Each structure stands twice: as structure tokens, then as C-alpha cells.
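Novice: Residue numbers (this note's numbering), protein chains in the order written: chain W, 1 to 303; chain A, 304 to 594; chain S, 595 to 1149.
Wrong hints could be hidden among the right ones.
[To be verified] Okay, derived cross-link-like pairs now, DSSO-like style, lysine-lysine, Cα gap no bigger than 30 Å in a straight line:
| no. | chain 1 | residue 1 | chain 2 | residue 2 |
| --- | --- | --- | --- | --- |
| 1 | A | K581 | W | K292 |
| 2 | A | K405 | W | K11 |
| 3 | W | K59 | S | K1098 |
| 4 | W | K59 | S | K867 |
| 5 | S | K776 | S | K819 |
| 6 | S | K1098 | W | K159 |
| 7 | S | K776 | S | K1115 |
| 8 | W | K192 | A | K581 |
| 9 | S | K867 | S | K776 |
| 10 | S | K967 | S | K947 |
| 11 | A | K410 | A | K469 |
| 12 | S | K1084 | S | K1000 |
| 13 | A | K581 | W | K296 |
| 14 | A | K581 | W | K295 |
| 15 | W | K159 | S | K776 |
| 16 | A | K410 | W | K192 |
| 17 | W | K296 | A | K469 |
| 18 | S | K738 | S | K1118 |
In case anyone wonders, no lab produced these hints; they're calculated from the structure. Predicted, not measured: the structure shown is a model, and the values here were computed from it.
Each chain is listed here by its residues.
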Amino acid sequence: MNARTRIKLRKTLPLYLLLSPAVISLFLFNYIPMYGIIISFKDYSIYKGVLGSPWVGWKYFDYFLHDPTFWAVMRNTLIINFYDLVFGFTAPVIFALLVVEIYQMRFKKAIQTISYLPHFLSWVVVSGIAYQILSPTDGLVNLFLQDVFGIEPIHFMMKESIFRGILVAADIWKSVGWSAILYFAVIVGIDKTLYEAAWIDGASRVRQLIHITLPHMVPMIVLLLLLRLASMFGIGFERVFLLQNAMVYDVSDVISTYIYRIGLVKAQYSLTTAIGLAQSVLGFILLVLSNKISKKSVGLGLY
Amino acid sequence: MNYRSPSRIVFEWINGIFMVIFSASILIPFINVLAISLSDAQAARRGLVGLWPVGWQFDAYVQLAGNYRFLHSFGNTIFLTITNTTLVILLSLASAYALSNKNLLGKTPIFYYFIITMFFNGGLVPTYLLVTNLGLYNTYWALILPSVVSIFYIIIFKNVIDQLPKELMESAEIDGAGDFRLLFRIVLPLVLPMTMAFVIFSVVGYWNEWFSVLIYTRDQNLWTIQYQLRDLLATSELSAEKTLFLPDQVKVDPKNLKMAALMTTVLPIVAVYPFVQKYFIHGQLVGAVKG
Amino acid sequence: MSISKRKNMASGLIALLLTLGLIVSACSKNNTGETSPSPSQESAKPPASSAASPSDDLSKKVSLSMFMYGAKVEGMDPSDNPIVNRVEELTNTDLSVEMVAQADFETKINLMLASGNLPDIVNVMYAQEQAYEAARAGAFIDLKSYYDNSPTIQKYITPEMMELSKDPVTGNYWRIPMAWDKAPQGYGIIARYDLVQKYNNGVWPESVEQWVDLLRVIKQANPTKSVFTNRNLGDTLLSYAGTTIYQMYGVSPYTWRIMDGKVIPDVLLPEYKAATQVMRQLYAEGILDKDFATVTSDQYYAKLDNDLILLDANSTPGLLWNSNHAAKDLKDGRQYLFAPVLKQPPAELADMKYTYGFRGYPIIDQGAYISSKSKDPDRAFKVIEAFTSDEVVDNIFWGEEGKTYKMLDGKRVPDLEALGKEYTRYSYYYAFVPGYEGAPDLSRAKTELNLGAEASKLLYDSVDERVRLAEGNGFGDLPGFVLPEAAALKSSESMQRINQFTVKAIMGEISMDQFDQEVSKWEKDFKSLMYDDMQKYLDENKDKLREQGVKHVDW
């Protein structure tokens, strides 16, 4: 090999050393157990083990691919994820920018701290709050509507047209503060002299935001967006499970609740693993594709 | 105070009001949680508690903490949290630095190697079997090693490092700095805010971790706080309801305990955040208020 | 060395150490992948060694491990407490016990089964099918011969109970089941008798209309309080208080009955439609709460405590719990009793017997198993026997005289506070053969202490009445029938559909004609899938079931 490659090799070695703990750990705890994926092609019985269970090929994939319920929940999953993306993903960005615009230091610190508190509430608590506030008999919202506007109580939680919105809104309330932490970290890193220069040039706050703050945030936004896209085919179980009820099933039942119900019928490892595998493959493909598109268009990507 | 346009003033007012409403919407339920945890069992059960405890009692917390195992679990949790956080941050930084280095041969395959693990997983049983076969069952290692890699952190760190001005790194290289030196003296200070963010995420995550304790341990002396809490809640729920064995000691309703347990999950962040908040507060913006 | 150089070395060292550590621990164990136990052909038959009576030689001390269901109490070590210590003495063993609570039990037991690392004695709950499956593959031994030679166990488990716990596929007896026959039987409509006294002069309503009238009266007098509610349990949207009207009509949204030899899902019956119409009426009048379809468990408990819920539906343990809770904590003079059957049943009801409920099974699916890898199954069985011995069982439930109970006129009187502190909060988990409900006299004594003798008698009389009616019906269900997988996977959907059209009809969002259409649609989509196999099983096994005491096969 030529000198350049030799130099590169010499320089790479310490890098490999730096990578080695992660590589070895992943090999041990992720790659070795990966044979478990085969379960989706077998009639898995826990005691017989992966090797001892009989091979059934595509049987379980056939089952769910031909189940109309599966397609219904997949549709819901994608739609709700889409709303989550449009509203839930942008909320922390906007929130972070708004907090930056607060000048009273104490107020700012307080807001930041308070905003991430709901992250610690479990969905059990949050769903309880939601049911309480939106209750048609004694919920705050309905009482307010009745007293002020004289409107009949509305069953918010049971209306198909509103329910997805409730799902998304609840998630925003719960996570906007916590998710904004990453954006705060980025904003803090922006060179202050840029703002000074802009101010001297007479740029308004809004212009500063558009031309300085936002561009610095774009790489992080793109990154997080790509990662978010990769999980479009799955969705958090607890939020949906706890907030939904029979009247809104058609619009709110998602793939994770579908899997949960299957899991309740005992010993459905193969079926649930098969669905999980399908989700993984789809998510992976989506990630690779969107990464390519992102690199071609804005020059930013995961790798 | 410098001049601010009328539209600016309006904006600041609206922003402020919005923030106040938002904060209130968070504080009110939280204070309610705190109040329930400090109320007596009947009031908690009957949903009679508003923003102030009804029938003050600290029994829920006493039950949580007055436990003879509590101190030990607390120690375990602190140890595991610090160890895991340190390891995961170090590993992520090291890996990210390596991945962002132009000298790395085979960068793309290595990336795929990492990213695939984000999607594909063998499942609980094979992982459990591996850990057991490595002889790690019922040891601290089982609570540390499997979770020491975070692809998410690595990816984000890598991108942040990519964004750093190349000149800094190049000039240091010319000066003869080795990779380790580059990493710690130059890169780390520049990515400190992001690192602190991840420190917070990790501390909170590991503090609340209980599942690994459930599946990988047998002895009580490996327990962590959250697992202990979970166990305690399971007990109280069971005895308070269906069985014939009536709750002779009704001083603490499961509801009190749940709320008290919830307050303890908030503990680490409340303890840690004040020290790291300076990394997330954008200082006084020039052009608004001088000085 | 400069600081930076030190840092470099430190980080390099850390990387190296981590790597080495991982390598070392990886190599230290035989990395043979998973241990899949070879399913030996013989494991299906009972092992020959235990054919004779288990060895009585207790001279050698043996170490045994046990995994069981239970929730820990602070200050209590599951391996080191009076109960376990006594068992260790009696059997000359060193017992190490691991206890896992309900929420995580299934996860843990599945993992243990998967890894083949089973302790000697395993107490399984909620995971019976998995345990049986594992047993068929060789995880556990057959216990029949041990049972046959053990009068201690036979005291609690009759031969019929062993038969009921038999593996339907192989005929093996994998477990000693938990007895449930002493558990208070009975299930039915529970009413607030104090409200009947206040608003109806203590006269029990005799028909559905009279109950509705009573509800109207109470609601009018207390417009802001809730008088009729429900408890939403996810797939089981209508449960507890929400099912009371349905029960008066002898139906329930999610079950089936046998009529003229045919298995009929309740939703198809005229009784179901009539009951739904009553609910619709109640909703329109505002008697049934507007939020009935989304009431969470917490809200339900709060409503029971705070409001004037006239009707509830629950089993006897629930009734007893509510009564004790009312007497001890609420102290507002309320009284819960099982409501007597309607003297003027609704016209649509085909037969009163459909409102009586069924006799409870004498066992539940908890059980004690012995692992096939145990080094001393004889001694392991002795341990199970020791937990079932009179002395230990007595200790488990009553505790110690003087400490947790005292003798008064030859009767035992429990000291509630002492019991609450120590025993009954943890010890009864060890009663895995006599059953958690193995001391009915204890609960009766406790109730009497709380309610007073007179109120307690009234309560138990209403319970006895329900039990009498239920016994007359024999066992319910079809023991031995297993719902095929295809049907089981659809059952949740079926329930959701039922929930939807029932709730919509109640809320007036669809007309009763549309309700009929929805019912027909449900029938087309689900009835065959879910009930044909059941019908077949019934037809083929009528005689066998009748012998077992399942009387409703002849309805």
C-alpha cells in the first residue's frame, strides 16, 4: 500500500481503540442475541427454545398481513405519527425560541424548570388528569363552557373527530419542556458576537432569530427529524392505551395496542416478534431513504 | 432600557402570559400530586384533595423511606446512576469523535453496524439468556453492561462534533496533539452543553430504571429505589382491594404511596438541574438589556 | 505529567479496561448459547423413582430453592421469617425463597422457564398454560403419586380437585392446585340497604320498574350526587355497577348462556335488548351518569365512597371488603347487602335461574410445581406438605395466641391491628395449597368486629342466599374447553364492537332499530368464529361434564 494509506491506517488505529468498547458491547448484547428474530419464522415455545421450536416460515406474517384490523391500526399509527410530527415535533423548537425571548432571568429559569416537570408524570397520572378535566359531568372545560357560553356538556374523550387531537395535545404538554432541553443546549452554543454584530448592523430581534438562531438549530432539527421519521411505524403504547376508550377505537387504535391485545392471548411470541420485525424493516428502510434525501437536499444527514 | 418597538412589547406580554398559563397548567396538577402524597388515606381515596393536603400525614413517605432496605437501595441507585452515566457519556463521546474523524477507515460500514442495532433486536428472552450465560445474572454487571451504549447520543455527538470549526482541530493536530488530547482538551469543552443535556437525560433514565433489576437479579441487596417502590406499590395495591384480608392498616392508601413514589422520581433532576442549568440558559442577549 | 496527558492516559486506560473486562467475562463462562433442554421422551410419564412413598428420612439437611408469587412487606425477608423458619425446622432444609409480585410475575416466570434455570419448588400463578406447556416439554414432574400418599395435602385437595387440575392434553398432574372451596362464594347485585330504608321504608323493590322508580326518587332528592354509574375496565367497558340492570335480566354483555342445548351469546337475546333500553331510559333521564363510559377505577372508588350509588355488582369478597371499609373508615351508617331476587321478574327473562350465577370452582389456577431438575424432589414435596401442615397453616392465618388473637369464650377473637402489622399482610402467600381464603372463620370474625354482630348476621344471610341459589345451578363454563387461537385473537375486537353499539344505544346516539342492525352485524362477524367450537365441545362431552357437576349443559 502507498504511504497515504499507511498514514491513514496509523491514524485510524487509535480511533478503533476509541470505538472498541462500544463495538464489543454491541456485539455481545445486541448482535449475539439477534438470532431471536428467527422466532418470527418459528412456532416458538419458551421451553423448547429457539432452536427446538418448529419452523413455520411466513405463517405469522400471513396472519397479520391478511388481518384487516392490522391495516386499520397501521393507518391510525401513521396518521397519529404524522400529527405528532407536524405539531409535536415543532412544539419544542418554538417553545425553546420563545423561552429565549424572555429577559427576566428568574422568570426564564423558572419556566425552564417547570416545563420539564410533566415529563416525570406517568401516563397513568396524565390520562387521569385528562379524563378529569374533560369530563362531561364535572370537568373544568365543560363547566367553563356551560357557565360562560351556555353550551351543553361535550364528551370530548369520546368524540372521534377530537380524540386524535387530544392524544397529540397531551403528548405536547407532557414532553415539550423536556424535548426543548436539547435545543437549549444548541442555542447556548451559538457565538454571542454574531448577535452583537447583527445588533450593531440594526437587525431586529426577529431578523436575528431568522438569520442567526434558526440556522444554527437546523442541523439538530434535521437530525432529530430523521430519527423521528425512523419510528413512524411504531407508537408509544401507554399514551394511547390509557387515553382511548371504546367509542374512539376506530381512530385511535394503533399498532402497539394491537400487539398488546395479541400478547394477552397467551404465548404469542412468534406473532408479536413477526410484527416487530416488519416494523423494524420498514423503519430502517425509511431511515436510509430519508437520510439519502436529506443529504442530497440540505447536505445534512445522520451519517 | 433600550428602545423596544410597540410590537415587541406586545409580543413580550403575550409570550409572558402564555408562559404563565402554561406553567400554571403544569404546577397545578403537580401540587395536587404533592398534596395527595401528604394527605390521609381516606381523603386520597375519595378524591377529596385539591391543592392543599387534607389531614396532613407523612406516613406515605415514612413507608417509602423508613424501610430497612431503603438506604441500601438508595446507595445502589446512586452507584449505578453515576457509573452508568459516566460510562455512557464517555463511550458516546469517544465513539462519536472517532466517527467524525476523516481518518477513519471503514466509516460507513461501522455506521451501519451501529444503526442496525437501533432497529433490530433479538428480543427479551435471547438477551436474558445471553446475560445469564455470561455469568452475569444476579450481579451488578448485569445492571451496567447491557445498557452502556446509546446510539442516540453517539449520533448527536457525532453531528455536533462535525459542526465544529475544522481549523481548531487541524491546528491542534499540527501542533502534534494526539487523538485523546484533542478529544478532551478541545472537543469536550466545545460540546459541553450537549454533554450536560445528556448527563441529565442519563441521570434521570438510570435513576428510574427498574426493569433490569426485575429480570436480572434475585437478591434483594441488588435492588434499586425504583424497583423497591414498584414492589411496595404492588403490595399495597393487592392488599387494599380484592382479597378477603382486609386492610387493617389503612393509614396509607395506595394512592398516597403512588403519589409519594412519583415525587421521588422527580428527585434527581431537582437535585441536579440547578447545577447544570447555567449550561442551558442563554445569557443576556445583546441589544435587549445591556450588562 | 501534565493534566492533559494524564487525562489521555486515563481515558485510554478506561477504554482498555472496559474492553478487557468484557472479553474476560465473555470467556469465563461456557458460551454455549442458550441451554435448550432436550425434551426427553420420558418426562411425560411420571418418573419411576417417586412411585413409592417419598422417603421419610430427614436426617440429611438439604438446600432447596423456591420461587413464588407474593408481594413483599417491608421488614420481611421472604426466606427468613417465622413461617419459613418453622418449615425449615420441620423438614430439615435450608430454604431460599424468591418472591415476585403480580405485575411482574409473568415476565419473570417466563424468563425462568426459557432459561431452564428453575428452582426446586415453583409456585405459579396467572401463567398456568405456559407452565403446563413447559411441563409437557419436561420442566416439571408429575405429582400424582406424591399426592396419593399424602394425607396432609388430601385434607385440602380432594380427588375431584386433582382431577380438575389435570392437564387436558396429556393427563398428567403437574401441580398441587390451590384450594378455593372455602373462599366465600357468591356473586350478585349489591344494594345500599340504608338507601332502601331511607327512601323506600326498607321495602325491597320487586321489579325492574320499582328499582328504576327508587333510583328516580333518590336522584330527585340529591340532584348533584351520582346514583348510577359504571366502571370502565378497557375491553370490559361495562362492569361492576354498570351491569346491574343487565343482571336483573339475566344477561351480561360479554358472556353466553346455554338454552335448549344451544350456546347463545347474551347480546343476541331479547333480554339484552330490553336491558339496554332500560339503560337508555336511565341515561336520558340523567339518572345514569353522563360519563359512565369513561369512569376510571379511581373515579369509581371515589364515587362509591362519596355519592349515593344504589346498585353495584360484585363478588362476596368485594361485598365484605366494602362493608368493612364502610364500617371502619366511612362510618356514615351505610349498609351493603346482596339484593334479593326480583319477585316480579321482567317479562323478557326466559328463566329466573339465569340470574342466580354459578357455583364457584373449588380450585384456581395457582399451583405448586416441582422442577424436574430438582436434586431432591422427595424433600421438596415434604416442604410443600410442611407449608400445608395444621401447625403452619394456623400460624399463617391466625398468628400466635396472645400476639395476634385471643381466646374469648372458647372462640378466637382476632386482634386486627396486630394482624395487620405482621401476619396477614405477607404470610398468607405461603398458603399455596389451603388457599388464600383458607380461613373463613378469620374473615367472619373480623367482619363481626367491624360491623357488630347484628349487621354482620344480616350481611352473611344475604351472602348465604346467593350461595344457595348459585349452588343450585352447579358449575358454570365448560371445563376442559380451550378457545382456539383464531377465536382468542379476535375476542378483544368482538368485545369492542359490543361496547360500541351498546354504549351508543344507551347514549341515544343510535336508535334501537340501528341497534338491532348492529347486533346482526356482530352475529355475522363473530358468532361462528367464537362459539361454534364451544357448541361442538358441549355436544360431544355432555355426559362427562354432567358428571363433573356442570349442570347447565342440560339447560
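Novice: Indicate, hint by hint, whether the structure satisfies it.
Specialist: Structure-based check of all given hints:
no., hint, verdict
1, K581/A <-> K292/W, "37 Å, violated"
2, K405/A <-> K11/W, "10 Å, holds"
3, K59/W <-> K1098/S, "37 Å, violated"
4, K59/W <-> K867/S, "40 Å, violated"
5, K776/S <-> K819/S, "38 Å, violated"
6, K1098/S <-> K159/W, "12 Å, holds"
7, K776/S <-> K1115/S, "43 Å, violated"
8, K192/W <-> K581/A, "15 Å, holds"
9, K867/S <-> K776/S, "37 Å, violated"
10, K967/S <-> K947/S, "49 Å, violated"
11, K410/A <-> K469/A, "19 Å, holds"
12, K1084/S <-> K1000/S, "54 Å, violated"
13, K581/A <-> K296/W, "37 Å, violated"
14, K581/A <-> K295/W, "34 Å, violated"
15, K159/W <-> K776/S, "47 Å, violated"
16, K410/A <-> K192/W, "34 Å, violated"
17, K296/W <-> K469/A, "22 Å, holds"
18, K738/S <-> K1118/S, "45 Å, violated"
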